[in-house]
Amino acid sequence: MKLYADSADVDSVTRILEDGLISGVTTNPTILHKSGYGTRDIPELHRRFLAAGAEEIFFQATGATREEMRAAAAAIRNLGSEVVVKIPATAIGFRVAAECARDGIPVLMTAVYSVAQAVASAAIGARYIAPYFGRLGDSGVDALDLIARMHRALEGSDTHALVASVRTPEVASDLALAGVRHITAHPSVLEAMLVDPTSDAAAAEFETVATTS
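In the numbering used here, the protein residues as written are 145 to 357.
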């Protein structure tokens with residue numbers, strides 16, 4: 145099981161990386177923008193996340209044309225072997241991703257919304273797909289059922305579902321029970337996964353007994 149921080153908030157992300165709670169960091173242009181960054185900041189963010197212990201770091205390739213996106217993907221990958229390039233699941237994106245995969249560049253197909261796209265991602269050799277749980281639900285789709293079907297479609301391949309837009313610990317639990325082994329969420333959700341009032345009460349009781357014995 146691997147958890148990732150879906151954020152470019154450097155302070156929050158580096159803290160949970162250094163604490164050993166997550167395996168890496170996922171970003172996209174929207175996430176960068178929310179934290180006041182742009183694509184020009186990717187090299188510095190990579191440096192800081194890597195120094196904090198990230199095993200995998202995800203940045204998204206952008207470009208108005210196939211050639212521009214392919215060049216962006218190469219530049220991102222050149223940052224280091226731990227970098228996975230995110231590419232949107234569009235007609236152009238799949239073609240760029242196929243080129244990248246043939247060249248040995250690890251790819252995550254992002255914004256995957258159908259089982260057919262999941263199958264196509266596996267066929268081109270993508271390492272991951274990223275369905276967005278929350279956004280699927282917002283659109284009226286049974287997100288858990290759809291992602292579970294994607295997961296089943298990928299069985300036996302080298303492509304894994306790395307589910308994003310996970311807004312609560314309960315959703316993360318449901319995904320794990322459905323077989324998903326890679327989940328990315330905001331640091332606040334990741335922190336919430338660590339606590340339960342009953343666990344806290346038990347720990348307090350243990351501490352009281354220990355200090356009075």
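Hints may be right or wrong, so weigh each one.
Calculated cross-link-like contacts (lysine to any residue; reagent style SDA-like; alpha-carbon spacing at most 25 Å) [what the hints assert, rightly or not]: (1) LYS146 x THR356; (2) LYS146 x GLU349; (3) LYS146 x GLY207; (4) LYS146 x ARG184; (5) LYS146 x ALA235; (6) LYS178 x GLU162; (7) LYS146 x TYR276; (8) LYS146 x ASP286; (9) LYS146 x SER156; (10) LYS146 x ARG293; (11) LYS146 x ASP302; (12) LYS146 x HIS330; (13) LYS178 x ALA219; (14) LYS146 x ASP163; (15) LYS178 x ARG159; (16) LYS178 x GLY281; (17) LYS146 x ALA245; (18) LYS146 x GLY164; (19) LYS146 x TYR257; (20) LYS146 x LEU280; (21) LYS146 x ALA348; (22) LYS146 x GLN261; (23) LYS178 x LEU147; (24) LYS178 x ASP155; (25) LYS146 x LEU189; (26) LYS178 x ASP302; (27) LYS178 x GLU188; (28) LYS146 x GLU351.
If you're looking for bench data, these hints aren't it; they were derived computationally from the structure.
Going through the hints against the structure:
no. : hint            : verdict
1   : LYS146 x THR356 : 39 Å, violated
2   : LYS146 x GLU349 : 31 Å, violated
3   : LYS146 x GLY207 : 30 Å, violated
4   : LYS146 x ARG184 : 28 Å, violated
5   : LYS146 x ALA235 : 29 Å, violated
6   : LYS178 x GLU162 : 23 Å, holds
7   : LYS146 x TYR276 : 17 Å, holds
8   : LYS146 x ASP286 : 24 Å, holds
9   : LYS146 x SER156 : 18 Å, holds
10  : LYS146 x ARG293 : 20 Å, holds
11  : LYS146 x ASP302 : 16 Å, holds
12  : LYS146 x HIS330 : 14 Å, holds
13  : LYS178 x ALA219 : 23 Å, holds
14  : LYS146 x ASP163 : 15 Å, holds
15  : LYS178 x ARG159 : 19 Å, holds
16  : LYS178 x GLY281 : 22 Å, holds
17  : LYS146 x ALA245 : 22 Å, holds
18  : LYS146 x GLY164 : 11 Å, holds
19  : LYS146 x TYR257 : 22 Å, holds
20  : LYS146 x LEU280 : 22 Å, holds
21  : LYS146 x ALA348 : 29 Å, violated
22  : LYS146 x GLN261 : 23 Å, holds
23  : LYS178 x LEU147 : 21 Å, holds
24  : LYS178 x ASP155 : 14 Å, holds
25  : LYS146 x LEU189 : 21 Å, holds
26  : LYS178 x ASP302 : 32 Å, violated
27  : LYS178 x GLU188 : 16 Å, holds
28  : LYS146 x GLU351 : 31 Å, violated
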